[in-house]
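Engineer: Line by line, the protein sequences give chains A and B. Its first residue numbered 952, the first sequence is counted upward by one per residue in the working numbering. Its first residue numbered 2, the second sequence is counted upward by one per residue in the working numbering.
Quick caveat, the hints were computed from the structure, so don't treat them as lab data. Treat the hints with caution; some may be incorrect.
[Stated by the list, open to error] Quick look at which bits of chain A chain B covers, simulated, 3 or more residues with Cβ under 8 angstroms:
(1) 1427 to 1433
(2) 1467 to 1474
(3) 1693 to 1706
Just so it is clear, CB atoms sit at the ideal spot from N, CA and C, and this is done for glycine as well.
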Amino acid sequence: MRSTHWDFPLELCCRPMAFVALTGLDVTYNAVHRAIWDAFCANRRADRVPISFKVLPGDHEYPKCRQKRSAYDWYIPKGILKTGWMNKHLNLVPALVVVFYELDWDEAQWKEKQSECSTRVEIVRAEPAVPGVRAGASAEGRGDREKCARAVEGPSGASRAGLALPGGRAQPAMPIAPTGNHRRSPIRRTARQTKFTGKKHKGCCCPDTEENSITTRLENAFYEHAQTYYYTEIRRVKSHKEFLNKTTHQLLFVRHQFKTAFFSELKQDTQNALKNYRTAYNLVHELRAHETNMLEIKTMAGFINYKICRLCFQHNAPLDAIAQFRKHVDLCKKKIGSAELAFEHTAWMTKQFQAFGDLFDEAIKLGLTAIQTQNPGFYYQQAAHYAQERKQLANQLCNHDSSTTYPTPDPLETSSGVMDFFGQRPWRQSHQSIEPPDLEKEKVGILALQLKERDVDHSELIITLLSNAVAQFKKYKCPRMKSHLMVQMGEEYYYAKDYSKALKLLDYVMCDYRTERWWNLLTFILSTALKCAYLMGQIKDYITYSLELLGRSSTLKKEQKSRVEKNLIKVLMNESPDPEPDCDSKAVKGAQKIWADRISFAGSSAFTIEMQDYVPFVECKARFLAPSFHIDDPVQLRVYLRADSPHPFRFSKLCVCFNNQDYNQYCVVEETYQTSDILEASSQGTTCLVPGKTRQYAFKFVARTEDVGKKVEITSVDLVLGSDTGRCVILNWRGGGGDAASCQESLQASRSFKRRPKLPENEVCWDSVTIQASTMVISRVPRLLVQLRHEPPTLTNEMYCLAITVLSEEVTTAKDMKLTAGLKPGQDANLTQTTHISLDGTEMCDDSCPALLPDISIGDLLPGGKVEKPLYIRCGQIGTRIFLVHVSYVVTAVVEGKEIICKCHKDETITIETVVPFDVTTKFVSTKFEHMDRVFADIPFLLMMDILSASPWALTIETSKLELAPSMTAVDQMDSQLAQVILQTGESASECFCLQCPPAPTNQSGVASGHYIISWKRTSAAKSVPVVNTVITMPHVIVEEIPLYVHADLPSFGRVRESLPVKYWLQNRTQLVQDVEIFVEPNDAFMFSGLKQIRLRILPDTEQELLYNFYPLMAGYQQLPGLSISLPRFPAVSNQLLRRFLPTHIFVKPQGRQADEGIVVAA
Amino acid sequence: MLASCDSLTHDADDHVRRRKMAVCVAVIAKENYPLYIKTVPTENELKFHYTVHTSLDVVEEKISAVGKALVDQRELYLGLLYPTEDYKVYGYVTNTKVKFVIVVDSSNIALRDNEIRSMFRKLHNSYTDVMCNPFYNPGEVIQSKVFDNMVSGMMVQVC
């Protein structure tokens, strides 16, 4: 028998399918038969009807059908469900027997063959193992030659169809595979005949693909028959119901309900199956339960529950399944049964949960979606929980002496070797009364079960379930649940004495609990891990876990910590530690041996333990005293250590490692001590750490000159415990200290409002120490004065002089002094392009000069020495520029008695604004100084240049020059009128040039007028400073032609009552004869003679002269009589325009008198 | 709400009190480390620590699920986190992501959701008081006696 008789049998867990037996097929030797068999069985896809086929010989003996009782009155059932029943209907009693018979279409001896066939059918029907075969009720095909197949009603209503298989002679070469391309493959014909049509189908050609469809059709026919069979079976089972009574046949109610449900499942009627199973489940719990039948009830309840849950999942109703399972568990949880076999109950519970988990998982694989709070993991976890409980119970109940022997004869063996009913005790099968029949037998049976339980490997079961659960929780985003289960797994491995696996698992999850800072849980895990490490003699792990168990995160009690510390010290002194408490005594013996062996290997290796992964009992903080040190100052740092162990302890060495390893040698604390001193309570030595006290170690070293400008970083702090001769452990803090918990602690401390305790002078408060793991080495402070003398702002394009004075205040010679000056790098590229620096102030620097002059050698400078260097800057564009003056030199210095060569440098930056020196405006005016927006061809006009100084410094205009464009001509001399003029701020200078412009080419409105060049320099500048030439491009001017030009010729003044002759010239500038009308407008100031109104004609390119004699009547600045000219041919040329060329006023002097009278008039 | 609190604390019947009360109360910091855990009975402390710790999986998931929703409209009470065979675990998250976890015995069917809510509210009020204490440093383990007494009042009395 199976050791776990409540376990789910295979036939329970499979999906029941209609059982159809195929007979008359020789699948071993006949290839055609084989092909038919394959067509039914091979590669069954899901869409085909659910049938399980089996090939049986024609004369197979089917299970005997027992005589059905007609009355139940005196029948007392012996159990709920027989063990063989499900298997019988799945695999032994077919719903349909198919008889294959080989018959050719043109069989000569048709009659004989036909009778042989019917005999075969008869054999099946009259199968002796199937008593009560009633031969009637068959659809017998008679007369027709093809109809060789018969349907035979089985004894219990089973249809048994016989089919003939023609073949052979007509087709000597029989096709082998039914999918072969022979047009008359056997199966096809078989199919034809199955239909009982009585029609002849000879050599019909069907497409090859029909093979499958024929098989399918045959199958469907089988399936229909099978369903009918199961239907009648259900009816038959149900028909018994009326004979039952509630008092004696309670078990039968369950049995029949189960059978009905199972048949429904075979019939593929899952809805009804579910309904019936549910009823059966309720009936099971209505059974009178007592200790003797508890197991049977639970077993059946478990079976039925399994079926219900399975069907619910199949119907895609997972919530129903879960609800049913919960109900099931709640109902059965308390049904423990015999107290001596309590482990059996927990094992059963385990099985229930595990099976449900499996079902759930399977459903998920088929497309169900589970969620974080409802996934199979919970069921596996609970199964594991019960398995753990089972283990505990087994340990309690099965702790028999080793002298207890397994009873003989084996009470768990039955005479037949199998059990009759599910869930019964082998030593009292079929027993249904409340009291066990034989108390002695009962005891022996229980003992046998207990002894068997003792041999079960519980840990393996638990671990399997836990790992199942872990896999699920991993899938459903439950990292903490996963960790928790892994801890349990680790513990279980520990109990199973598989310490290395235990350690691996525990070590894996420790980190999670550490980062989440669940110290209680971490301590617990560490304790288990420490035991594992001890039992395996893993020195490094042992030390690591001890370190952490002693640390501040550990929640161990003080005495436990003391014990751990004592053991740790023993290990460091190369002794065996005391065994951990609660360890298996046998394992401890083994471990002690391992540790003894370890002693001889001492000194061979030193372990390095990275502290940032743990929360060790020594804390470390290292800090440089300043974020930067000058090269001529020694670099200072402090290392702070604090221990949390219960007792003081000594370390052997403390060293600090830097990114430049040359410094490592300066930062070492080492003290040789006797190994026995390790626990010395005096705690006076420098290498002794007293619990709770912060100890500081100061270091000092001179940085290397090549490290100037670089970072000096603490890469690690190493604390060596133990000695090289014994065992040596290096606690390694990466960077400036800090472990897995210190980050949060320092944050917490920084938030704290608590007042720091007052400590003696030489002690520090741990929380107030912050880690400073790096410092900069910077160059020595230069003792140098750099003065800059200049006159800002700079003026565009000038050679701006920046006088740099370097004054040494060093006590020794500053050697190799170099000057780098110019535009500070990193500014706008545009500024760089328009800034040029030169040392030579006598020549204008051009575009080839750089914006920054590097490394201008100055040479050595004696103490107190002074050097001056002028720098010339030319800025081509306005804007703000930052200039850098960088002086570097080398000097020797003595630090800590050591002479070093220091490179010093001093930077000065200045910001200089560049402005334009002056604003130049260009104006075109007529000869009458009237503003003109255009000029007239060949008529002289004036060009006015106004220079307004914008410079804060006085400017000297050396000279100015007009460079005319070819289209312009000068009317008179072009000498500069401004040469050597000095302009103060805001002053302006003007000069004007008389120019004339020939007619512009047609279609061109404006003509270039040329450039104006001003040569200037600062008035204050030295002679050697070159003159700046500022070129101003003058604007284009619009040139227009005029048809008539008028100009007047008159004296510069007149005198009252003296004749004033005036000549007007009218010049025709066109190629046409022009009519001109002239009218002189008289006024009060003048009388005149001449033509008052005339009309005249002027020939092309000729001049007409008009002569007038004006007679002034009044003195003063008088308006002349206006000359009104109109050109009828050119109405566009207005009188106004022409009048602009003529003078409008003249100064009239009074009549000549005495000189004194003239003065009176003037006053 | 006050009335229900009173009825909780002043329940004369010890049996009823036992049924109504929590077996474990925990306050978890924003960073998921424990600020306060009290369990009854104490011998099973470790197990409850694990239970509370594992329940944080669900809390985290629930918080991230409602993260999108408006913060002020967020329900602080998270409801039943997950049922185990023996215990029911309820969760509550303050706006500063401090978590409260209450574990009740599974057999305790009489305990209604409303009562759990009021327990959480009480806990929250008490926690706020702790935070208001100028001598309490946020993020430290809660050692307030008042808080402890209040929690003790919510827990199963072991006779």
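Engineer: Run through the hints listed earlier and report the numbers of any the structure violates, in increasing order.
Structural biologist: The structure breaks none of the hints.
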